[in-house]
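Residue numbers (our numbering), protein chains in the order written: chain A, -7 to 238; chain B, 17 to 399.
Wrong hints could be hidden among the right ones.
Quick list of in silico lysine-lysine cross-link-like pairs, DSS-like style, CA-CA up to 25 Å [claimed, not checked]:
#, chain 1, residue 1, chain 2, residue 2
1, B, 287, A, 225
2, A, 144, A, 168
3, A, 168, A, 141
4, A, 168, A, 145
5, A, 89, B, 104
6, A, 168, A, 143
7, A, 218, B, 287
Derived from the structure by calculation, the hints contain no laboratory data.
For reference, the chains in residue letters:
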Amino acid sequence: MSAKRSAPPLPGVLIGAASVFVGLHFLAIGVHVLAAPSGPWVTPMGVPSQATGPKFTEKLDEAVTTAYLQPLHMTHNYHFNGNRGDTPGVAFEVRLKDADGQLIKTLRFPSPQANAWVRQRQAMLAQQLGDDEPVQPLPGEVIPAPGQKMKKKTIWEPVGPDDLEMREIDEHLVPKNRQVFGPRPWSLIVARSYARYLCREYGAASAELTRLSRQAVMPEILFAPKIEDEELKTLTTRFGEYRHEN
Amino acid sequence: MKTDSPREKTESAITELDRPRARGIAAEAPPEVPTGWRNAWVRFWFTPTPPVGLHWMRVLAGLLFLSWLVPLAGERTALFGLHGWLDKTAHIEASRLPPGAVPVPFGWSLLYVEPSGGNETLVEAFWWGGIAVIALFTLGVATRITGVLTWLVIVSFLASPASSPDTDYLLPILAFYLMLGYLLLGFWNSRLSPVERLLGLHRGSVFALFTGRRGEAAPSYAANFAIRLLQVHFAIIVVTSGLHKLQLGDWWRGAAYWYPLHPPLEMTAAKLRAEQGAANFILFCLSLGSYVALAWQLTFPLLAFRRRLRSLLLIGGGLGCLGSIFMYGELTFGPAYAIFCLSYLSAKEWEWLTDRLVRPLFSRAGTEAAPAMARKSRVKATT
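Go ahead and model the full structure; you've got the sequences and the hints to work with.
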């Protein structure tokens, strides 16, 4: 029970084993950190883009992440999102309706009524809906194979000034005369899941989710001769109506 | 050995006269430290240290874990259940996405189990059980077991679509190394009773830590090893984050702190117009601040492992904590950062802090309680 005042020396075998653990552990973390994509860097194409990690880390990173870091939940590469300042601000609104299409409730997230910790979680959820991806049009004319349907793409279609609506269109109909964006598959999964949750919670028959986003305000705006509210435009993006019975 | 010759006697007398001075010199001279990378490695990782630092880290980390979970009590099933914000269907759909398409790395969770009572029952039981386990670990009860359970609870509660990949993923690092430390603590250098062998040392409890005498605990290899793992991992995090910042133009031009102070959805033309008069001053301060932060991050290993630069490390950690809370609204990241910074304090520094900050409170409480108890007992005796 009583503690000894001086610690007996550790045997060499134990020191060796612990040293091997330390070496391999930090090798796994180091490789994962090195394998992270870097940038955005300027490319010869003129468009800034992220660079992949060095090739020598690729396979090793795959192996250590799957076998070691994932079970320990240490898969972060410490390239924190918070380091990127110019991410857009995102909130969302959900309109819940009953079976007759009557509005039951409109909820806004992050909710001012929630405590700071829950509000932070709601803000994180909103961020999951905010990251759009470019949709590339197909080059040339495309005809589906006999008996096959044309593949579908989900895009944001402008329906008014600063107002976008989600549309699912045939792949060959993606407009070629403008840059087209669409929601990421992960954003769609989160949006549908949250709509299902709210329908269950409030006994609603349908939920319509609308994303409200605004680009980051650049510091240069302070030197503008005039600052008007019109310059701070909020973009409305409609994820469409989710029907609970579906 | 007895000296007989006159010369030897004289030498012996001089030696006797000089002994106190020689003893003083020997006490002042630093002990001879073996050199070489192998010895440095063994000294760094395998020097037994009093576990006071490990105990303090446990208390602070436990409070952080509780502050991370308890405020979410009202939304526990929504956030963590399979019928909540991200339901079972969504989990299945997400598992079909290609790697990297899910920005929140879920991994495994004990909350994915769907027992016969339903997932809500499991979440309820796991929630309250988890809070209790973390509280016991914080207090230092059965730390060998509660340490492992705390890590399991923390990683299981990461499974939420609303997890912050920046913040929440620092917590398993703390929990993992503390778990390792407490799993091994006392096995090598303490004579343990069978109960202590199973549950862990009772000397690490909060009460023993705050009321015990200075230097009471036996030096421990496990305490040093766990703290060193924490320190090295955090140094990697800070330097990597600093290097990542160097890849971004906003850090080079010193505008990075502008954005969290001007959240897009809260900005109005009137607010921005009000700042226009002091635009140059604001941007000067923000750019200076961001460069100081960058310098701190990139020189972090120097600050962390040089004792005379310790104050810079702690000031930076403290400012980082405040900045994270008040600028970014991150209620967990800042305190986690500060706790990681405190892990670089030596056992002596922790003892010094405990002596000045905590033990006086407990001894004062003890001395105040003692007369009251005596009065009570006198009253009892007279009645």
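Hint check results:
Annotation: proposed proximity of residue 287 of chain B to residue 225 of chain A holds, straight-line Cα distance about 15 Å (limit 25 Å). Pair hint residue 144 of chain A plus residue 168 of chain A holds up; C-alpha atoms about 16 Å apart against a cutoff of 25 Å. Taken as a hint, the residue 168 of chain A and residue 141 of chain A pair is honoured in the structure, with Cα atoms around 21 Å apart against an allowance of 25 Å. Distance hint between residue 168 of chain A and residue 145 of chain A is fulfilled; the C-alpha atoms sit about 14 Å from each other, no more than 25 Å.
Distance check on the hinted pair: residue 89 of chain A and residue 104 of chain B sit about 24 Å apart at the alpha-carbon level, within 25 Å; holds. Annotation: proposed proximity of residue 168 of chain A to residue 143 of chain A holds, straight-line Cα distance about 17 Å (limit 25 Å). At most 25 Å may separate the alpha-carbon atoms for a hinted pair to count; residue 218 of chain A and residue 287 of chain B meet this at roughly 13 Å.
Hint compliance for this structure: no hint is broken.
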